[in-house]
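Asker: Sequence:
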Amino acid sequence: MPAQHPAEFLRALLDASPSGIIALNPDGRVQLWSRGAERILGWAEEDVLGRPLPLELQLHSAHEREVELRPRRKDGTVIDVELRTGPWTDSQGTNRGTLAIVADITRRLAVERELLDLMERETEMQTEARAERRFRELLEAAPDAIIEVDREGRIVLLNRVTEKLFGYNREELLGQPVELLIPEDLRAMHVHHRARYWDHPLTRPMGSGLTLEGRRKDGSRFPVEISLSPVKSEDGFRVTAIIRDTSERKRAESQLRAIQETYTRELAATNRELEARNRAIERADRLKSEFLASMSHELRTPLHTVIGFSELLAEQLKGPLNEDQKRFVGHIHKDSIHLLELINDILDLSKIEAGRLELRSEVFDIATVLEEALSSIRPLGRAKSIEIETNVGVSVGIEADRVRFKQVLYNLLSNAVKFTPQGGRVCVNASVRDDLVEISVSDTGVGIPPQEHGAIFDKFHQVGATTKGVREGTGLGLAITKRLVEQHGGRIWLESEPGKGSRFTFTLPVNQAKGLDRI
8 MPAQHPAEFL RALLDASPSG IIALNPDGRV QLWSRGAERI LGWAEEDVLG RPLPLELQLH
68 SAHEREVELR PRRKDGTVID VELRTGPWTD SQGTNRGTLA IVADITRRLA VERELLDLME
128 RETEMQTEAR AERRFRELLE AAPDAIIEVD REGRIVLLNR VTEKLFGYNR EELLGQPVEL
188 LIPEDLRAMH VHHRARYWDH PLTRPMGSGL TLEGRRKDGS RFPVEISLSP VKSEDGFRVT
248 AIIRDTSERK RAESQLRAIQ ETYTRELAAT NRELEARNRA IERADRLKSE FLASMSHELR
308 TPLHTVIGFS ELLAEQLKGP LNEDQKRFVG HIHKDSIHLL ELINDILDLS KIEAGRLELR
368 SEVFDIATVL EEALSSIRPL GRAKSIEIET NVGVSVGIEA DRVRFKQVLY NLLSNAVKFT
428 PQGGRVCVNA SVRDDLVEIS VSDTGVGIPP QEHGAIFDKF HQVGATTKGV REGTGLGLAI
488 TKRLVEQHGG RIWLESEPGK GSRFTFTLPV NQAKGLDRI
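Numbering-wise (my numbering), the sequence shown opens with residue 8 and increments by one.
If you are wondering where the hints come from, they were derived from the structure by calculation, not from laboratory data.
Treat the numbers as computed from the prediction; the structure is a model and nothing was measured.
Where hints are given, some of them may not hold.
With beta-carbon atoms standing in for the labels, derived distance ranges [to be verified]: (1) R363 <-> R432: 36 to 42 Å; (2) K507 <-> K333: 36 to 42 Å; (3) L319 <-> H345: 15 to 21 Å; (4) E396 <-> E280: 34 to 40 Å; (5) R58 <-> E289: 53 to 59 Å.
Within a straight-line C-alpha distance of at most 27 Å, the following computed DSS-like cross-link-like pairs (lysine-lysine) qualify [as the list claims (entries may be wrong)]: (6) K358 <-> K466; (7) K391 <-> K341; (8) K413 <-> K358; (9) K466 <-> K295; (10) K466 <-> K425; (11) K333 <-> K391; (12) K391 <-> K507; (13) K466 <-> K413; (14) K257 <-> K341; (15) K239 <-> K257; (16) K224 <-> K257; (17) K325 <-> K425; (18) K358 <-> K341; (19) K466 <-> K341; (20) K358 <-> K391; (21) K239 <-> K224; (22) K295 <-> K224; (23) K466 <-> K507; (24) K325 <-> K341; (25) K224 <-> K171; (26) K425 <-> K333; (27) K425 <-> K341; (28) K257 <-> K171.
Beta carbons are placed, not taken as given, at the ideal position from N, Cα and C, and that holds for glycine.
I would like the entire structure built from these sequences, with the hints used as guidance.
Answerer: Shown next as structure tokens:
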């Protein structure tokens with residue numbers, strides 16, 4: 008039989024307890040809910056895990072407490088419970104939350120209340136025989152041991168639970184000193200406490216701090232709690248003691264401590280693992296930054312040289328080129344530009360994700376920057392006979408990073424041209440709506456299927472082929488666009504259907520925009 012994991016074994020012990028065992032985190036949310044808690048309070052574990060307690064159990068972890076409450080069960084019924092709570096701390100003394108043990112005492116309290124009431128009114132009852140009979144019924148129905156002791160400390164009354172708990176029969180206990188039920192080494196002290204109690208006989212409820220040990224007939228000891236109530240009788244005052252065996256609760260408390268220790272060890276191991284992972288992540292981030300810095304210098308510098316020489320060759324300053332040479336030079340220039348764009352995109356995205364991209368805000372006119380972006384796009388549109396329309400209703404100024412704002416516009420416009428067929432149309436609209444500046448770029452292109460919408464702004468995501476029948480670009484343009492818009496405090500979204508074109512719209516909040524009469 009395979010060895011059972013300690014945590015599983017402890018959980019099995021907790022679930023076997025008739026008491027409800029609950030653990031809360033520092034925010035008051037349930038982390039442990041035993042079957043006893045489910046049986047007593049009516050909520051299943053899945054109803055409460057990770058949530059605040061759904062009942063009137065006011066738990067406070069600052070000090071240990073033992074109280075009696077009347078919470079409402081899940082089905083709406085009100086019950087009496089005894090609640091013991093204490094702080095849950097780890098080995099370093101850090102507060103981990105609250106531990107609690109809940110016991111259903113509805114029946115016991117009902118019996119106790121009726122029994123005590125009956126004992127107080129015993130001498131006033133019209134039919135003494137009836138009162139005695141009822142008293143005996145309640146006495147024997149009580150779930151705890153009950154004894155009555157006279158002023159000399161002799162046992163004059165007991166119930167069957169007392170016989171079962173201590174191992175004596177009724178005849179062996181009646182008339183005997185109550186110290187017979189107490190371990191020998193504690194008897195002298197108990198006699199002293201009993202004498203002092205008679206000087207000021209007051210009701211002392213269960214859980215008020217009087218915790219003792221009981222002694223069975225076989226000599227075994229066990230922990231008990233008692234409540235004391237003075238009762239007036241014909242021959243003077245007597246004391247009624249209700250005795251409860253707390254062995255099971257002590258075991259549950261021990262199990263809770265074991266669980267706490269297990270959780271503490273597991274938490275420490277998890278923290279060590281997280282620290283190791285964080286160090287690995289920091290190292291990877293450092294290596295990534297070093298690589299990007301190297302790529303920025305080592306790759307972009309020679310690319311600028313290649314681009315410059317290809318442009319010089321294309322100008323034929325050193326002599327004419329034949330058609331093949333012109334085509335080769337064109338390929339060199341185009342592919343070098345593409346590679347430089349890819350490197351720039353990767354560097355931009357890396358800076359954004361690392362939080363190192365600095366925005367340089369300035370106030371500028373949207374129409375001016377839009378025209379700058381269009382000046383680079385129009386040649387591409389003319390090559391495909393695409394009509395490009397602009398609709399900027401008013402002169403709208405904005406406070407943003409001019410270069411990055413232009414980059415957003417260029418990315419959206421270039422995508423629109425790429426995916427719009429020969430003779431199509433691309434339209435740019437800009438307006439102020441309530442507290443937002445809204446800019447949209449729409450096209451009459453191939454459109455984007457619905458299943459692609461969710462991933463359209465993901466890194467390296469490419470949607471289908473362009474009108475040339477091939478995939479173009481790096482798959483980073485829209486990812487960068489979305490992050491730049493969000494870094495300015497705005498948002499961007501897509502509206503598209505296959506065959507009906509696409510519309511990309513982004514907005515910036517009003518605190519980023521300023522309406523200008525004329526710029």
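Asker: Checking one constraint from the list: CA of K239 to CA of K257, max 27 Å. Satisfied?
Answerer: violated, 34 Å
Asker: With the threshold set at 27 Å, check whether the alpha-carbon distance from K466 to K341 stays at or below it.
Answerer: holds, 23 Å
Asker: Straight-line Cα separation of K295 and K224 no greater than 27 Å?
Answerer: violated, 76 Å
Asker: Could you grab the alpha-carbon distance between K466 and K507 and see if it respects the 27 Å cut-off?
Answerer: Roughly 25 Å between the alpha carbons, so the hint for K466 and K507 holds.
Asker: Keeping to a limit of 27 Å between CA atoms, is the pair of K257 and K341 held or broken?
Answerer: violated, 80 Å
Asker: Are L319 and H345 spaced within 15 to 21 Å by their CB atoms?
Answerer: holds, 19 Å
Asker: Taking 27 Å as the top limit, are the C-alpha atoms of K358 and K391 close enough?
Answerer: Violated, at about 35 Å.
Asker: Could you check the hint for me, namely that R58 and E289 are 53 to 59 Å apart, CB to CB?
Answerer: Because 35 Å falls outside the window, the suggested range is violated.
Asker: Tell me if the straight-line CA distance from K425 to K333 falls inside 27 Å.
Answerer: holds, 24 Å
Asker: Are the Cα atoms of K333 and K391 separated by 27 Å or less?
Answerer: holds, 22 Å
Asker: Against the 27 Å threshold, does the CA-CA distance of K239 and K224 hold or violate the hint?
Answerer: Violated, because 30 Å separates the two Cα atoms, which is more than 27 Å.
Asker: Given the hint that K224 pairs with K171, test it: the Cα-Cα distance must not exceed 27 Å.
Answerer: holds, 10 Å
In this structure, the hints that do not hold are numbers 4, 5, 14, 15, 17, 20, 21, 22, in rising order.
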